[in-house]
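Given next are the chains, with one letter for each unit.
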Amino acid sequence: MKLFNDDDMLTRRVGNFQFSGVRPDKLGAPEYTLVTITTDETGSLQGFESELVAMKKAIIEACRRDPRAEFLMVRDVWFAEQVREAHGFNELMSIDPASYQEPTCTGMTALYDATYSSLAATNEYAKTLRDNDFNVNAVIFVITDGDDNQSSHTVADIRAEMTRGVKAEFIESVMVILVGINAQRFEAKLTAFKNDAGLTQYVDAGAASPQNLARLANFVSKSISSQSQALGTGGPSQALNF
Amino acid sequence: MNFDHYFAIGRAHQRTGLPCQDYAHGVSGRDGNSVFVGLSDGCSCAGGPKGETDIGARLLVRAFETEFLAQQGDVIAAVVRGELQKAALDRLAAFRGMIADDDMLATFVGIVAGADTVAVIVMGDGAIAIKERSGRSRYIRIEWRNSMPYYPAYAMQDKLWTFLEAHEQNDVDATPVTIEYLTVEPGREPESAIEKERGASQIGGGRIFLFSRAEIESLAVFSDGIFSFVKEGRTLPLSELVPRFVNFKGTVGRFVARRAMAALSREIDCPHDDDFSMAAIHFGLSPEEPAC
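Sequences listed follow chains U and W, in order. Mapping of the first sequence onto my numbering: residues 1 to 242, in sequence order. Mapping of the second sequence onto my numbering: residues 1 to 292, in sequence order.
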């Protein structure tokens, strides 16, 4: 089932990855916060499919109640060995969370590729919007239960991509929040990844229980709201405590 | 046909803690093929430090908007006859007693787009930018001597004597309005022409400019804030500024606000001292495009 009208979308390639987003001539607001929710669907998360999609639905529903909802665009991504775009950058209010489907959790963890491609797509789309006079910032959530074991991109690639858009001044700020679920045994490695790649924050969300994932959805939507309110200030919002 | 607006506080009011006294807004006509956009610039001096001409500016634009929506028949004819303007001022007058008379002292510049003709109403000062389908651009600058414009609210109040006193005149007809016309065509030297008009040209229905809708790609109006960009002692001219504000990248939604903010934050290397407002209509790539 198609989620969105193809005629309204542009599709671009960034390296080995492809992303889509609403064409700028179809967008009405003066500015947008680009949100990407990139979630692990590897084999180790089998049995948590419904909780993961419930978490994403809860994020969308919470953001729709935000006073700045009309200034948000959301991209939904899943990753295992490959990075899969469930839907591209769309205005939040045009997204129907009921259309979100459960993933099939299988395969290895291309965490670096997922992080890099989310950043690269965000930068590329931000540049397109900026060229059309939109003011843009971004927040990316990468939610994983394990360390990388499959990627072609490196931590150095990610570190460079973190600052490329801001240095070129086509995006005001980018926050990347790495979230670990069921990931206590990888805490040291994920913390090292966050530090080495220059990511904004690492959050250990604990076990992938419905309660923890609901708490995570609340944290994610509040972080999105905070970054959206920071748009126009010249810098990112403060990272929130989980 | 798409329309939008933008307004922002100037450096002077930011420094002194005053609100933005410019306001702009627009609305699509009930017939689906007409549009009104308008702006107003409240007098900075009226009422002293407690003056609230920001309220008067908003009421004036909304009064025009309300009367535009209420018009039956040919709205351009109503503008030319001064009927829309009178109705708007009558509606504004209903607020006397709720706000001080001084708080109603504000200019008005508006665009009324009909099926074939587009009318610009100027009651005070400001600028008009016309981008023609032929590629030619025209800018019109309207200024009053000593930057003291005639405010339409004078018509309802016994305030005309203050205006005349300020201008040291006995007759509003004698107070000069300067209108500068600048034509810019690709491949040709810009052409400028200056006219002096008597103040009486704006009494009643205001100074009206008429254009053929089929010949225009976009039409924008500005408050006198467009004259307040000063860089290293030099006031930036319209020919340098206006293209930044009307070079729209897309015409959907808040396209005027996007372009204005991009121009102000990234292209024009100095702030505006006065409050700034603009409103514009883009008539589409072809003359037959309907109103949005």
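The set of hints was computed from the structure by calculation and includes no laboratory data. Note that this is a predicted model, so its numbers are computed, not measured. Incorrect hints may have been included.
Said to hold, decoys possible - Sample of chain U residues at the chain W side, in silico, Cβ under 8 Å:
1. Asp8
2. Leu10
3. Pro24
4. Lys26
5. Phe71
6. Thr128
7. Asp133
8. Pro210
9. Ala214
10. Thr233
11. Gly235
Said to hold, decoys possible - Label-pair distances were calculated between CB atoms; the ranges are:
12. Asn5(U) - Arg133(W): 52 to 60 Å
13. Pro97(U) - Asp269(W): 52 to 60 Å
14. Asp74(W) - Lys26(U): 28 to 36 Å
For every residue, glycine included, the Cβ atom is placed at its ideal position computed from N, Cα and C.
Right, here's what the structure says about each hint:
1. Asp8: The hint is violated - Asp8(U) has no Cβ within 8 Å of chain W, the shortest such distance being about 11 Å.
2. Leu10: Status violated, d = 13 Å.
3. Pro24: Holds, because the Cβ-Cβ distance from Pro24(U) to chain W comes to roughly 6 Å (cut-off 8 Å).
4. Lys26: 7 Å, holds
5. Phe71: 11 Å, violated
6. Thr128: 11 Å, violated
7. Asp133: With Cβ-Cβ at 4 Å, under 8 Å, it holds.
8. Pro210: Hint violated; Pro210(U) Cβ to chain W Cβ min 39 Å, cut 8 Å.
9. Ala214: Violated - the Cβ of Ala214(U) stays beyond 8 Å from chain W, reaching only about 34 Å at its closest.
10. Thr233: 12 Å, violated
11. Gly235: Cβ of Gly235(U) sits 14 Å from chain W, so the hint is violated.
12. Asn5(U) - Arg133(W): 52 to 60 Å: 30 Å, violated
13. Pro97(U) - Asp269(W): 52 to 60 Å: 45 Å, violated
14. Asp74(W) - Lys26(U): 28 to 36 Å: 34 Å, holds
The earlier numbered hints that this structure contradicts are 1, 2, 5, 6, 8, 9, 10, 11, 12, 13.
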